[in-house]
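Asks: Chain residues, written in single-letter form:
Number of protein chains: 2
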Amino acid sequence: MATAKECISKGQKFAQNTQPYTVLIEGNIGSGKTTFLNYFQKYKNEVTLITEPVEKWRNVNGVNLLDKMYKDPKKWAMPFQSYVTLTLLQAHTAATDKKLKILERSIYSARYCFVENMYRNGSLEPGMYNTLQEWFKFIDEAIHVQADLIIYLRTSPEVAYERIRERARSEESCVPLKYLQELHELHEDWLIHHRRPQHCKVLVMDADLKLEDIISEYQRSETSIFDAISRGHEHKPEAVLVSPSKCYRSRP
Amino acid sequence: MATAKECISKGQKFAQNTQPYTVLIEGNIGSGKTTFLNYFQKYKNEVTLITEPVEKWRNVNGVNLLDKMYKDPKKWAMPFQSYVTLTLLQAHTAATDKKLKILERSIYSARYCFVENMYRNGSLEPGMYNTLQEWFKFIDEAIHVQADLIIYLRTSPEVAYERIRERARSEESCVPLKYLQELHELHEDWLIHHRRPQHCKVLVMDADLKLEDIISEYQRSETSIFDAISRGHEHKPEAVLVSPSKCYRSRP
Numbered sequence: 001m002a003t004a005k006e007c008i009s010k011g012q013k014f015a016q017n018t019q020p021y022t023v024l025i026e027g028n029i030g031s032g033k034t035t036f037l038n039y040f041q042k043y044k045n046e047v048t049l050i051t052e053p054v055e056k057w058r059n060v061n062g063v064n065l066l067d068k069m070y071k072d073p074k075k076w077a078m079p080f081q082s083y084v085t086l087t088l089l090q091a092h093t094a095a096t097d098k099k100l101k102i103l104e105r106s107i108y109s110a111r112y113c114f115v116e117n118m119y120r121n122g123s124l125e126p127g128m129y130n131t132l133q134e135w136f137k138f139i140d141e142a143i144h145v146q147a148d149l150i151i152y153l154r155t156s157p158e159v160a161y162e163r164i165r166e167r168a169r170s171e172e173s174c175v176p177l178k179y180l181q182e183l184h185e186l187h188e189d190w191l192i193h194h195r196r197p198q199h200c201k202v203l204v205m206d207a208d209l210k211l212e213d214i215i216s217e218y219q220r221s222e223t224s225i226f227d228a229i230s231r232g233h234e235h236k237p238e239a240v241l242v243s244p245s246k247c248y249r250s251r252p
Numbered sequence: 001m002a003t004a005k006e007c008i009s010k011g012q013k014f015a016q017n018t019q020p021y022t023v024l025i026e027g028n029i030g031s032g033k034t035t036f037l038n039y040f041q042k043y044k045n046e047v048t049l050i051t052e053p054v055e056k057w058r059n060v061n062g063v064n065l066l067d068k069m070y071k072d073p074k075k076w077a078m079p080f081q082s083y084v085t086l087t088l089l090q091a092h093t094a095a096t097d098k099k100l101k102i103l104e105r106s107i108y109s110a111r112y113c114f115v116e117n118m119y120r121n122g123s124l125e126p127g128m129y130n131t132l133q134e135w136f137k138f139i140d141e142a143i144h145v146q147a148d149l150i151i152y153l154r155t156s157p158e159v160a161y162e163r164i165r166e167r168a169r170s171e172e173s174c175v176p177l178k179y180l181q182e183l184h185e186l187h188e189d190w191l192i193h194h195r196r197p198q199h200c201k202v203l204v205m206d207a208d209l210k211l212e213d214i215i216s217e218y219q220r221s222e223t224s225i226f227d228a229i230s231r232g233h234e235h236k237p238e239a240v241l242v243s244p245s246k247c248y249r250s251r252p
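Read top to bottom, the protein sequences are chains W and A. Throughout the first sequence, residue numbering follows full-length UniProt numbering, covering 1 to 252 in sequence. Throughout the second sequence, residue numbering follows full-length UniProt numbering, covering 1 to 252 in sequence.
Everything labelled a hint here was simulated from the structure, so no lab data went into it. Computed from a predicted structure; not experimentally measured. Don't take each hint at face value.
Claimed, not checked - Which residues of chain A face chain W? A few of them, derived with a C-beta cut under 10 Å, are: (1) ALA15; (2) PRO73; (3) PHE80; (4) LEU177; (5) GLN181.
What the hints assert, rightly or not - Not close to chain A: a few residues of chain W, all C-beta gaps over 12 Å, as computed: (6) GLU52; (7) LYS74; (8) ILE192.
Claimed, not checked - Cross-link-like lysine to aspartate or glutamate pairs, in silico, EDC-like; alpha carbons within 20 Å at most: (9) LYS74(A) x GLU125(W); (10) LYS201(A) x ASP227(A); (11) LYS75(A) x ASP140(W).
Backbone N, C-alpha and C define an ideal beta-carbon position, used for all residues, glycine too.
Using the sequences and the accompanying hints, generate a full structural model.
Replies: In structure tokens, the structure reads:
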């Protein structure tokens, strides 16, 4: 293991001191992340909004990795998750001159929810899972991932399941309720029960609410974000370094 | 694509300005890299010597990825090469207070020779190969890989084949001559014909020579390295940024 002194002598992390106040939007499939991001479109001149890079996963120089992963997870879960990690790092480190960046999902949900679930359900064998874990450790050391606030769109798996059935996105057509329940538990373990490292504060929103009622929840997050920025939290990467005990989580 | 300005605003690369004068020892299996490194053991107080991290590949938290890759390359070539890339990055960025680092192989031979060969022989499918290539591009942007001199232990595949048969390392027991010929061509394309980006100067050594004759070749490399260091080349990462046209290659 590298000592603290050795880490320092390896220099700065990549993208250190370059990122603005950054909000991560987390939640299960069908929790309303896209609707949430659309709400912030009105600030698009002041905010860098980065949606989950699904289109990249569908076209890795002509190869649809997302499709391959759905059709043959035992073979493709590892390259797929490796590529997902890469595209999320690109989003985390993308240069911007805006004072606020909002990302749909993050390297943390990739690590704590999706990779974990693929390991538990056998899509990732131990040798593949261990390789991804070793990468996550190196990334922790080498790449700066700005994270000032996580907004957790908390849904019950049943509500998420109904929404997915209603919207009928092609690649989600066979997502079973059980899968949503597993992902829900992993999100809860991380963001509610704090069984994973806490990188920043978490704002939990009731995302079971219907569209017309959720607007007031959005406004609450809006206030929270702009208050933080106006208090001068932008360009303070050290916010990610607070210890878990210093993090707080507001409840709805 | 990120513009030059955007790249600058992403800050420093990880490990930038932390690495000493760095020599990469490259060559086919059986080219004598281990013997070469052993010759430099006498300077171990002044030199950080890092052998190819084969032991790590044999034990990724209890999983022998090297063995799996040999037994079922269609399934394991991708996780194996992903892990190889990671362990080489760990070697490239490892902190040291020595003025010289000598590495056995590098992320460049992983990329230009081994991954390329696994793609050509079908062990890596296009979706896996493309994922690794995208990672290499991101690494280029984000991680500083110090490289001041490549020493190419140039062998004919037939001599390498004979040496491998004589030493009989367990995992190499079924390496066919054809495989060595393919790897040889990829090394030649990169280091002799310059069909790959040139990151630094290349010193070509006749590694077909027998042990007793190769000592004078080693002494030549020794002089070359210590001359460079005494001219104050250590801690000058910009050396990796010279354009291909500014690189020179000495011949034996």
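Asks: Please go over all the hints and tell whether each is borne out by the structure.
Replies: A quick look at each hint next to the structure:
1. ALA15: Cβ of ALA15(A) sits 5 Å from chain W, so the hint holds.
2. PRO73: Since chain W brings no Cβ nearer than about 13 Å to PRO73(A), farther than 10 Å, the hint is violated.
3. PHE80: PHE80(A) check passes; min Cβ-Cβ to chain W is 8 Å, inside 10 Å.
4. LEU177: violated (29 Å)
5. GLN181: violated (28 Å)
6. GLU52: Given a closest Cβ separation of 17 Å, the condition holds.
7. LYS74: Given a closest Cβ separation of 8 Å, the condition is violated.
8. ILE192: It holds; ILE192(W) is separated from chain A by about 28 Å at its closest Cβ, greater than 12 Å.
9. LYS74(A) x GLU125(W): holds (15 Å)
10. LYS201(A) x ASP227(A): The given pair, whose Cα atoms are some 14 Å apart, holds under the 20 Å limit.
11. LYS75(A) x ASP140(W): Given pair LYS75(A), ASP140(W) is violated - Cα atoms ~27 Å apart, limit 20 Å.
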